[in-house]
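Undergrad: Below, each chain spelled out in residue letters.
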Amino acid sequence: MRLLLVEDEIDIQSFLRRSLEESGYQVEVASDGKTAQRLAAESSFDILIVDLGLPDQDGISLILRLRQLGLTAPVLILSARRSVDDRVRGLEQGGDDYLTKPFALAELLARLRNLLKRNSSAAGEATRLRVLDLELDLLRREASRGGQVLQLTQQEFVLLEYLCKNAGRVVTRSMILDKVWGMRIQPDTNVVDVHIYRLRGKVDGAGQQPLIRTMRGVGYVLKDR
Amino acid sequence: MSLKTDKPPMRSAAWRISLWATLAFACGTMVVFVFLQSFVAGDIQRRSDAWLSGEVEVLGDVAERTPKDALYGRVVGEVAELAAREVPNKEASETASNDSVFFLQSGVDGSLKLWVGVGNGQDHLKAIRATEIPPDHPTDVRVPGFRVPFRVACLRADDGSHIYLGLSERDELRVLRSLRLRFFLLWLLIVLLGFGIVFLTTRRMLSHVQKITEAASRIGHSDLIARVPTTKRNDEVSHLALTLNRMLDRIESSMHQLHTITDSLAHDLRSPLTAIRGKLEMSLSTITDGEQIDPIVSVIDELDRLTDFLNKSLDVAEAKADALRLTRSAVDLNELLRVMIDLYEPSMSERGLRVSLQSSGPVRILADAALLHRMVANLLDNELNHLPANRTLTIQLRGKEDTASLILEDDGPGFDSEVLLHVFERRVKGRDSSGHGLGLAFVDAVARAHGGSVAVSNREGGGARIAITLPASPEPSSHSQLLASSSSN
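Those protein sequence lines, which keep their order, are chains A and B. Using the working numbering, the letters of the first sequence correspond one by one to residues 1 to 225. Using the working numbering, the letters of the second sequence correspond one by one to residues 1001 to 1489.
Derived from the structure by calculation, the hints contain no laboratory data. Please note that a few of the clues may not be correct.
Cross-link-like lysine-lysine pairs, in silico, DSSO-like; alpha carbons within 30 Å at most [claimed, not checked]:
1. A:K179 / B:K1279
2. A:K223 / A:K179
3. A:K117 / A:K34
4. A:K223 / B:K1279
5. A:K165 / A:K202
6. A:K165 / B:K1279
7. A:K34 / B:K1279
8. B:K1279 / A:K117
Here are some, though not all, of the chain A residues that point toward chain B, as calculated from beta-carbon distances under 7 Å [to be verified]:
9. G53
10. A80
11. Q186
One side only, chain B facing chain A, incomplete, derived with CB under 10 Å [unchecked claim]:
12. G1278
13. K1279
14. E1281
Quick caveat: nothing in here was measured; it's all calculated off a predicted structure. Beta carbons: idealized from backbone N, C-alpha and C, even for Gly.
Here chain A stands alone, though its shape is the one from the complex (with noise of 0.2 Å):
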C-alpha cells in the first residue's frame, strides 16, 4: 500500500511514518502542497494523508486541486482545527474522512482501513463473523460462544460486532463511542470500560479463553489468535 503523508510539523511527520511503516504501509512525505502535488503526478498512491494547515496552502485546496488532476485515491484529512469547517463536511461526504488532532494512533489506522476498505470492494456484507469460537449471527442478532448461546442485550451485541469486525486490531474508546454510540464525545468517567467489563462478563467465562483483552492506555482488542 502506498501512502502520500502531507503534514508540516516534522515531530508528527517522523512518528505517524513511523508507525505507518509499521503497520506495512509504504509512506512517502510532503512537507508542502507544492511538494505533494509533484509527488502525485510522479507516481500514483493507494491513499492520502492530508493536514489541513499547511505552509504554503490550505489542505482542502490541495485536495481539490489533487483531484482536478485526476486524482482517485481516498484522503484522509487531519485538522487541528476545533470545528469541523463546512467544506471538510463536503469532502467526507465525497468519500473521504477526517481526523482531528490529537488523535490515537488505533483511530488513525482503522479510518485508514476503512477508507481502503470502502474503496476497493463494495461486496455485499457478510451475514455471519466466525472469530475463534465466537459466533456471530447478524441476521438474527444472535451471539454464540462454542456452541452456548450468549445473553446479549441489544446494545452489548452491537458492540461485540463492532469489536469482531475489527479482531486483532486495536479500537479506542472513541472509536467505540463514535461506531456503537454513534457519537463523538470524550467522557471524563469510564462509560465505556463498564459496557466492556459486561460485555467480557457474558463472553468469557469461568475457564475460557479470555477473548476481550484491555490494551491500555489505548483501548481493547478481540483476539484472533
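Knowing the structure of chain A, use the given hints to seat chain B on it.
TA: Frame of chain A; chain B shown alone:
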C-alpha cells in the same frame, strides 16, 4: 414561510397606520361635505324664496288689475296654476293635481276669498293665520296633514286683503336628500379607496422592514455571512438596511478575529499534543513491562483530558462571545437522551445510582447534535462524579410548541451555596470536585449558543436541579417547517 402569513392583518402595523390615517381623512372630508351640503341647501332656499317673492308679486299685480267680477277667481287661479308649473326643483308629480303649490287670498276679515290648490284651503288658511309672516320674507308654515312644511310668501294688497303663495319644501328636501346620498356614497368610496391605498402602500413599505427583520433573525449568533436585503430606493427603510449591514460587517470582522485567535491557539496547542501522544503510543507498543506502562498510560489519559479541557474552554470562550459555530440538523432529544442514558446506565448502576427518563415522546429541535451529545455527556459525567451511592437521577424531557426543556433532578447533596452563585463561571467547582470546573460553564455555553438557557438550583427537599431550555429552532418561522418535515417522515 414568512411571518406575515402567521399574523392576521388586523394586528399588523400597516393596518393600524391605515386605520388612523383613514379616520383622519374621513373626518376631514366629512367636514368638507357637511359644509358643501349646507351651502347648497342655503342656495336652494334662497332661489326658491326669490321665486316665491317674484311670483307673489306678479300674482298680487294680477289680482289688483283684474276686475273683481265673476271671472276674477278664474283669471287669478289660471295665473297661479301657470306659476305653479314653473316651480323650481319640481319633480314630475305622480298625481295629476299639483299639491306642491297653493295660492290663497284672504279677505280683510280674514276669510278665504280665493283658493287655488288641492283641498279646500281651510287648513292652510288656519296655519297661515297662526304664523306671523312678514311681507317680502318667505316663512315656513306647517299645515296639518302635510308632512313637509310649506314655504309661504305673503303680499298685502291695496284693498287690505292678503295674497299668499305657498310652495311645498318637498322637492327642495328631495333634492337635498339625493345630494346627501350622493355625497355619502362618494365619501364612502373615497374613504375606502383611501384606506386601500394607504394600507397597500404602508404594507408594501413595512414588508421591506419585515424582510429585514426576517433576514436579521436568520443571521444567527454565529452565522454572520448573510446580510439583510437592500433596496435601490433612497428612503428610510433602505437606510435602515444599509446601516444594519454595515453593523454586521463590523461584527463579522471582530468575530472573524476571535475565530482566528481561538483557531490558531487550538492549532498551536494541538500539534505538540499530537506529537507527544503519538510518541507515547509508539513507546507503549514496544514496552512489555507492566510497571513501565503505568506512567505512560496515565500521561496519555492526562493528555486526553487536557485536549478535552482545551476544546471545552475554547467553546466556552466562543459561546460567551456569541461566536460558537453550530452545525444544525433535526435532532430528536428523546432519542438522543435514550441513547446517552443507555451509554451511562451501566456506570451509574455500578455506582449504585438509578437513572430514569420521563418523556412523553419525540421532541424534535434544530440543533448541533455533536454539541448536544457533549453537553449531555457533561451533565451525566457530573452526576456520576458527584452523586453519592443509592441516589436517583431523574431526567424529564418536555416539548412545548417552540421550546424543549430538559430537567435533571437528583436527590444528592445539591450545590454548595457559594458554588450556586457562580456556577456558570469557568473554573468554579465544588470542594470535593475532581473535574476542571468547566462542566456547567460548557453546558451553559451550548444552551446559549442554541439561543436557550440553563437554570441551576437546589431542590427544596434536597438535591440539585438543572433546567435547560432550548428553542425548537433558531427562528420562529422555520419551526413549522421542521414540524412539517418531521411529520412527513
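Undergrad: So, against the hints stated earlier in the document, which numbers end up violated here?
TA: none
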